[in-house]
Amino acid sequence: MPIDKETARRVAHLARIEVADADLAALAAELSGILGFMEQLAEADIDGVEPMTSVTPQGPHHRPDVVTDGDMADRILSGAPDAREGFFAVPKVVE
Amino acid sequence: MTDLPGLTIAAARTALRKGDFTATELADACLAAAEAAAPLNACSVLTADIARSQAAAAAGRIAAGDAPDLCGIPLGIKDLFCTKGVPSQAASNILAGFKPEYESTVTARLFEAGAVMIGKLNMDEFAMGSSSTTSAYGPVISPWRRAGPGDEATPDLQQMSSPPVIRAGVTDTFRQKSQWWPRSDVPLTPGGSSGGSAAAVAADLCLAAIGTDTGGSIRQPAAFTGITGLKPTYGRVSRLGIIAFASSLDQAGPMTKDVRDCAIMLKAMSGHDHGDATCANIPVPDFEAALTGDIRGTKIGIPGEYRLDGMPAEIEVLWQRGIDMLRDAGARIVDISLPHSRYALPAYYVIAPAEASSNLARYDGVRYGHRAALQPGEGIHDMYARTRAEGFGKEVQRRVMLGTYVLSAGFYDAYYNRARKVRTLIRQDFERAYAGGIDAILTPTTPSAAFGLGEIDDRDPVRMYLNDILTVPVNMAGLPAMSVPAGLNEQGLPLGLQLIGRPWEEAALLNIGYALERAAGFSAKPGKWWQKSAGDAKSGAG
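Line by line, the protein sequences are chains U and W. 56 is the number that my numbering gives to position 56 of the first sequence; each next residue is one higher, with no gaps. Here my numbering runs 1000 ahead of the position in the second sequence, where the first position is 1.
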């Protein structure tokens, strides 16, 4: 099903990617083209077929129930664009 | 002096233990080759200091008689692997400046085995692409060039040793041991997404490299550059510390100069890891010990569905040559059917973007990498959306949005769930073939030889996606598969054959690959045209 400009706007919003108004039409056309290619899937007979959920099925792995890492806040924060007093810092969220 | 960076791992292993040269000399030779190869843009960063200190440590271990297979062996590492303290960006601007605080399991294992990292290797952004052109570092250029008119002022020559030449309907070999061909200077892609890894190995910048394969990203570039590449069974190699693209499809593997090196690398990379719940807790065999070259009685399946409409004649001829070579080596050739193959690519382009849209949700400008600047009055939601618009390239944005769409309310069943059911059917096709006694499946790796940069229009993504049509079903089914270089086309470009194995049977797969390698006798190397700028125009040898 072809994607229109409004759907493209909604998808961009859901994906949290800023797309300029002027670019929405081209984006809609590109996504429509790819989805058109996927329409072939409608021909496959999937009646009674279970979705694949595990690639190489195996049981859960067990290990001793002990703490194996932690206490590394500084290392975790070291790559942040903005970190203060042991926290990630972001623009004000609540007014 | 021997061309040290041109050695295989196996040859260097012997020479290092004998003391023919030191690990430091080997590392320095690779670093020099990599520095001189800037026009290929294969390396995102060279890690000379780390390489030299690892080489010195390896030299000590070798002197002490404690030398594992990879001790002192210089490797290139795809930028998708997190390496502690070294830029690891997945070739994306959104991870600009990111230096991981930890080491991926695979690189940690390689380093424990004494391997030497010469640098990080360029790739498609987040491994999304088939040409290594979507990189924030700019495209990787293949060391290979087509036969054809070159630049008149500086004739571009390439030396060929006597590889089999694949022609439409005719199989020929060079009469002479070596021959000079004029080369076109049209830049070609090394394939992708592990294009930097493929270019670095083919151009002898390192002895081997590691790549990752989500839909063909090890095998297709290996085929395009005349090297050997293996995607292991899903779960053979830990994914911990590999920047995630599509978690149910991603698998790391070796890219090497021959099949033996692939076996050596795979053993060092494999094994259980508590940090990856999908990594299997099963023994790792000695893959190298399995290389006998004896494949008598092996049953090789030939899937009719892989004979594509419009496939170039040179690919058909290559495939037939591969069939003949395995038959001559004593294998039984059996026609098989994998009836759902045609749905693999469209199903892949639902599932991979869906998983990518979830995995890449973490890049929001908060925890690492790029953060967009805000205007007065803008808030955190503006920050998320602008950070991702600025940080992600066009193809990554396209796939994230596509994945978001197929997972969104109202479309989840029509696209995502349907694709997962089709995936079950694709896996069942392979299971039926293997239950029927097939040991491995032989196909071409790619539907064509390498193409020129820009020859596939960026506005026609589906055409680019078609590159993966012969490799994607393997990832959908979680199987091991490898590409073995098998000949050159009429333009002098490498072509690869793909062998698909049974789950967890990489040892048998490698042995069949070894037999194919010996029969094909591929030994061509690209001429080192990129060294011209360093005043070394005539080094065409390989």
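Hint data in this document are derived by calculation from the structure and do not stem from the laboratory. Treat the hints with care, since some could be wrong.
What the hints assert, rightly or not - The calculated lysine to aspartate or glutamate pairs, modelled on EDC-like cross-linking and capped at a C-alpha distance of 16 Å, are: (1) W:K1421 - U:E50; (2) W:K1421 - U:E43; (3) W:K1394 - W:D1335; (4) W:K1018 - W:D1066; (5) W:K1018 - W:E1101; (6) W:K1084 - U:D74; (7) W:K1394 - U:D71.
Because the structure is a prediction, the values reported are computed rather than measured.
Hint by hint, work out which the structure violates, then give me just those numbers in ascending order.
3, 5, 7
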